[in-house]
Amino acid sequence: MIAQYEKLFKALGDKSRLRILKMLELRPMCVCEIRYILKLSQPTVSGHLKILKEAGLVKDKKNGLWVTYSIKKDRLNNGVLNILKNLEKDSQIRKDLKLVESISREIVSRL
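Position 74 of the sequence shown, counted from 1, bears residue number 74 in the numbering used here, the numbering being contiguous throughout.
Calculated from the structure, these hints are not laboratory results.
Because the structure is a prediction, the values reported are computed rather than measured.
Glycine is no exception: its CB is placed at the ideal position from the N, C-alpha and C atoms.
Wrong hints could be hidden among the right ones.
30 Å max Cα-Cα, derived BS3-like pairs, lysine-lysine [to be verified]:
#1 Lys-39 to Lys-7
#2 Lys-85 to Lys-7
#3 Lys-73 to Lys-10
#4 Lys-39 to Lys-15
#5 Lys-61 to Lys-7
#6 Lys-61 to Lys-95
Computed spacing ranges between beta-carbons, pair by pair [claimed, not checked]:
#7 Asn-86 to Ser-109: 30 to 38 Å
#8 Gly-64 to Lys-10: 30 to 38 Å
#9 Ser-41 to Asp-90: 22 to 30 Å
#10 Ile-103 to Gln-4: 31 to 39 Å
#11 Arg-27 to Ala-3: 16 to 24 Å
#12 Ser-109 to Ser-16: 16 to 24 Å
#13 Asn-63 to Gln-4: 33 to 41 Å
#14 Lys-39 to Met-1: 35 to 43 Å
#15 Arg-94 to Glu-6: 17 to 25 Å
#16 Lys-85 to Leu-65: 32 to 40 Å
Given the sequences, and given the hints that come with them, work out the whole structure.
Right, dumping it as structure tokens:
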């Protein structure tokens, strides 16, 4: 049990992963969309998503060529997401969320 909490706190201990969680709260996203917003490389974003998935915070779903990531809904994650509500006051998070609403994977994948 302590190992799972260790993974959870490790996952929450990085600014980029917190930003990813806030974006995924709005809607499911693919790596290319997250990469576009965070301005990070594809391998870096994939690494962050792997850590979030191992911590049980996100799940993935393959749909053809696309892998879409979303928040994994359960009681523990609902508690974590409630704590993260305060991040909505952060200016960077607000910018990220505006971008999430204005992009799509079809557009971003062509850039």
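Verification of the hints:
1. Lys-39 to Lys-7: holds, 25 Å
2. Lys-85 to Lys-7: holds, 21 Å
3. Lys-73 to Lys-10: Answer holds: Lys-73 to Lys-10 is near 19 Å, not above 30 Å.
4. Lys-39 to Lys-15: With a Cα-Cα distance of about 13 Å, the restraint between Lys-39 and Lys-15 holds, given a limit of 30 Å.
5. Lys-61 to Lys-7: holds, 21 Å
6. Lys-61 to Lys-95: holds, 26 Å
7. Asn-86 to Ser-109: 30 to 38 Å: holds, 33 Å
8. Gly-64 to Lys-10: 30 to 38 Å: holds, 32 Å
9. Ser-41 to Asp-90: 22 to 30 Å: holds, 23 Å
10. Ile-103 to Gln-4: 31 to 39 Å: holds, 33 Å
11. Arg-27 to Ala-3: 16 to 24 Å: violated, 31 Å
12. Ser-109 to Ser-16: 16 to 24 Å: holds, 20 Å
13. Asn-63 to Gln-4: 33 to 41 Å: violated, 28 Å
14. Lys-39 to Met-1: 35 to 43 Å: holds, 37 Å
15. Arg-94 to Glu-6: 17 to 25 Å: violated, 31 Å
16. Lys-85 to Leu-65: 32 to 40 Å: holds, 34 Å
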